[in-house]
Structures are given as structure tokens and as C-alpha cells.
Amino acid sequence: MKVREIMTRDLTAVERDVPVRELIFVLDNAEMPNVPVVDEEGVLIGFISEKDLIRAALPGYFEMLHSASFIPDMNQLTRKLGEIADEPLEKYMRTEVLSVTEEDDDLRAADLIIREGVKNLPVVDGQGRLVGRVRRIDLLRHFL
Amino acid sequence: MIVTVTLNPAVDKVYWVDSLRICQMTQEEFLTRATRSSTSAGGKGVNVSRFLSAFGMDNVAMGFVGGHTGHVVVRYLQHKGVTTNFVWIHEETRVNVTILESGRDHSPNLINELGPTVTEAELERFMRRYRRIVKRASWVILAGSLPPGIDPGIYEELAKIANEAGVKVAISAGGESLTRALGACPYLVKPDTRERLLLGETSLTSTDAIVAAGQHVIACGAQLVVISHDVTGDIAITPDAVWEIKAKVPTSEFRNLVGADDAFLGGILYKLAQDAPVEESLRFGMAAGIASAESEKKICEDRAKVEAEMAKITVERI
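From first to last, the protein sequence lines stand for chains W and S. In my numbering, each residue's number is its place in the first sequence (first place is 1) plus 1. In my numbering, each residue's number is its place in the second sequence (first place is 1) plus 64.
To be clear, the hints were calculated from the coordinates, so they are not data collected in a lab. It should be emphasised that the depicted structure is a prediction, and the values quoted were computed from it without experimental measurement. Keep in mind that a hint or two might mislead.
Claimed, not checked - In the DSS-like style, the derived pairs of lysine-lysine whose C-alpha atoms are separated by at most 25 Å in a straight line are:
#, chain 1, residue 1, chain 2, residue 2
1, W, Lys120, W, Lys52
2, S, Lys310, S, Lys361
3, W, Lys120, S, Lys144
4, W, Lys3, S, Lys144
5, W, Lys92, W, Lys120
6, S, Lys199, S, Lys232
All chains should be modelled from the sequences, with the hints used to inform the complete structure.
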């Protein structure tokens, strides 16, 4: 089966100059763990997740410990998030982005999602423009 | 690809009741139990998107959504195969209630909320997204009421942006937002006359008045004006003709009029987007509207049923 038959057709995305504060609003309200970053033509140029924001706020802990148990309190996270809240998200986005096309097989999407440990993948057209996303739950529903 | 803009979408809640009793005196309290109910995504542009997706036409629905009801709208549309591109806002998407009394199905009782207030920052996010998507569109549909906080000149501005991108515009709205949008010469104009039978300052109470008002809009640059004057009849005005569209269907067959007008517009656009002649587009549109009115669902998604209605529709030059 093709990705186009199982994907979620939603174009929720942000631009690279959107402030971190606004990005958090989008992630929260759209209930997405990550969101694609697009240019003015709608071409996929990056990807940013909740995890990237935590990494931005607590770089040392995240890279070394992969655990929050050594953090004495949340003041550091609050202070650091406050410091970066008005910065453009492009400082923290990832530009090497995995994606699939509508014509890719479901197995390729499943392989990428499982292997890379991501919750969803952007789906792009032949010109690299965002046309939707394929979520882990789309695959689970599809394979059931 | 067709882009539908619904700035004030809604969760449409429909209740079917045996009879609706309204309190007339103080300290009265009536409980009306619904025999059935349904929940769906609503708003004029959203309904057009639903129709287009049901008929396999690629389209994107955009506007503002917020809160739990915003998720209901987005998920419903995605389930129907519509591509969603909504801007999330701080306030919650409205709920519109329709109450259908048994035996009075063609006279629904409607309660529509005003909708959430949209901030300037949220509008700016929408405009950015709109400019991006309009480059990929062949048609833009601007439809429905405006939420609080949005200037009535918004449709004119959106139509101008589409014009600059070489994209055809259809508008289905009423009041000042429609009047001002006429300045941007939309291709198709369908006035929303549910609350007031007016187009600008013209009262649309007779065929002559409708034709005169339509021809005025054509003189402003529109190519097709469609005005409803009867449940089973509409008048369409083009630069070189006036058409009367009639459905030979008893109104007793109607089950739910909510959304039928949007299915009508969806049907017209479905055909126009494939470069069909105006006459054929109007006939198909009316068939879609009638099939929806005869269905308990807001939008008839059954192609065979719409095509079966075509035989009952006449489109004649007058």
C-alpha cells in the first residue's frame, strides 16, 4: 500500500523565524510532538520537536544523562526556556530531515519510523512541498 | 487544487426531536429529549470541502480552530479526506445547533454562536499560511461569517491576493464582507441570504430585483452570480445571460436543509474546476443541493444519488 492511502492530510507547519514561544503554542494546541518547518513556498526545510526544545534548554543534562533525575529543580528549565522564548526556532531546528513521498510504500515509512524512533514523518510532493504526515498511529491502525 | 477558507468554522450539532416546546412563561421548564443527534464539522467553506472530497477533488480547508471543538473540526475533516491547514488560536471554535422537529424538516431551528475572537497575531499567522497555499491553488473559496476581531475587509484582501496569484475566487458570504469583496472582482459570487435578502442595499424579493442586483455585480467584474430565491429555485447571472435553475422536487421530500446550499456551491465548483460549461455546472450544483436536502446528512456524498437528481433539474435562459 502507498503512503498516500494511510497518511494524515494536515499541513500544520511553522516558518523558521517563528519564536519558540509561538512554536510551543502550536505543539501544544495541535497536539503534535513535532512540527515541520517550511519556507515561503511550502518546501520542507527542517523539523523541530519537543525534544529539541528540551535539548536547547538543558543541553548538558540531555546529552550526558538522558534523564531529568539529576536536575535539582525545574528553575533552570524555566529560566532557560524564558531566555529562548522570543528567539527564532531556526536556532534549534534540525535541517537534516527524513521524509517520504505519497508514492512511497507503507513499509518504507514503517521502517523509517521504527528505525529512527520518531513519532511521525513529513510527507512531501515531487517538489519537496509538505502535503501531510504519516504518523506512527496511522501505521498501527493500517496494519491492524 | 481548491482552497476553501472558513474563518469561523463550527462543530455542527443536529438534534432530531418529536416536537420542540419553548417556555413562554416564567418558572416553566420543558425537557425535550432528542430522538437522534449528529455531530459534524461545519461552516460554509468546510461544507464545500466535504462535498469536493466526497467527489474525489483535491482540496485544502483552512481558517481558524481552537480548543476541544477545534480538534473535532480538524479530525472530522481529515476523516472525510479533506487536507487541513488551520491556524490554532487561543479561544475555542464555536458550536452551531440545529433542531429538526418531526414533520417540519424543511424549517430547521438554528442557533449559531458568534465564534471565537481572533487576535491580530493569529490573523497574521493565517495570512502567511494563505499566501503560501494560494500559490498551489486553482480556485479559492471564501465562505461564511467572520469571527469577532476580523475586519469585514478581509475577504477583499484575500481575493486580491488570489487575483495576483492568478487564482479564481468564489465567495459565499453576506453583509459588508461581501459588499467590500466585490471590489476585488471575484469570479463567482453567491450571496448568503439566510439572514437578510439583501445584496448590498438591494432587497432580493423579486426576480427583477435579483436579476438587477446580479447584473450590477457582473458589471463589477464577476463572471457568475448565483442567487437563491426559493428552496427549489435559483437565478444565475453571467455577462451574457440570465439563467433560471429549477428543481422539480416536492419539498416534502426534504430531510435536512442545513448544508444544502453549500453542496450546491460545491457542485458548481466541482464542475467549473473541470472547465465544464456554466449550464452544466449549475445543473450539477442544484442536483447536489437537492440530494443533500433529501438526505439526513448535511452533505450528500453519494455520487449516484446526485447524478440521479440531474434529471429533475432544469436550467433555462430567461
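Hint check results:
1. Pair hint W:Lys120 plus W:Lys52 holds up; C-alpha atoms about 12 Å apart against a cutoff of 25 Å.
2. The straight-line distance between the Cα atoms of S:Lys310 and S:Lys361 is roughly 22 Å, inside the 25 Å bound, and the hint therefore holds.
3. Of the pairs offered as hints, the one joining W:Lys120 and S:Lys144 holds, with about 23 Å between alpha carbons and a cut-off of 25 Å not exceeded.
4. A distance of roughly 18 Å separates the Cα atoms of W:Lys3 and S:Lys144; the hinted pair therefore holds under the 25 Å criterion.
5. Using a Cα cut-off of 25 Å, the hinted pair W:Lys92 and W:Lys120 holds, with the two alpha carbons roughly 22 Å apart.
6. A distance of roughly 12 Å separates the Cα atoms of S:Lys199 and S:Lys232; the hinted pair therefore holds under the 25 Å criterion.
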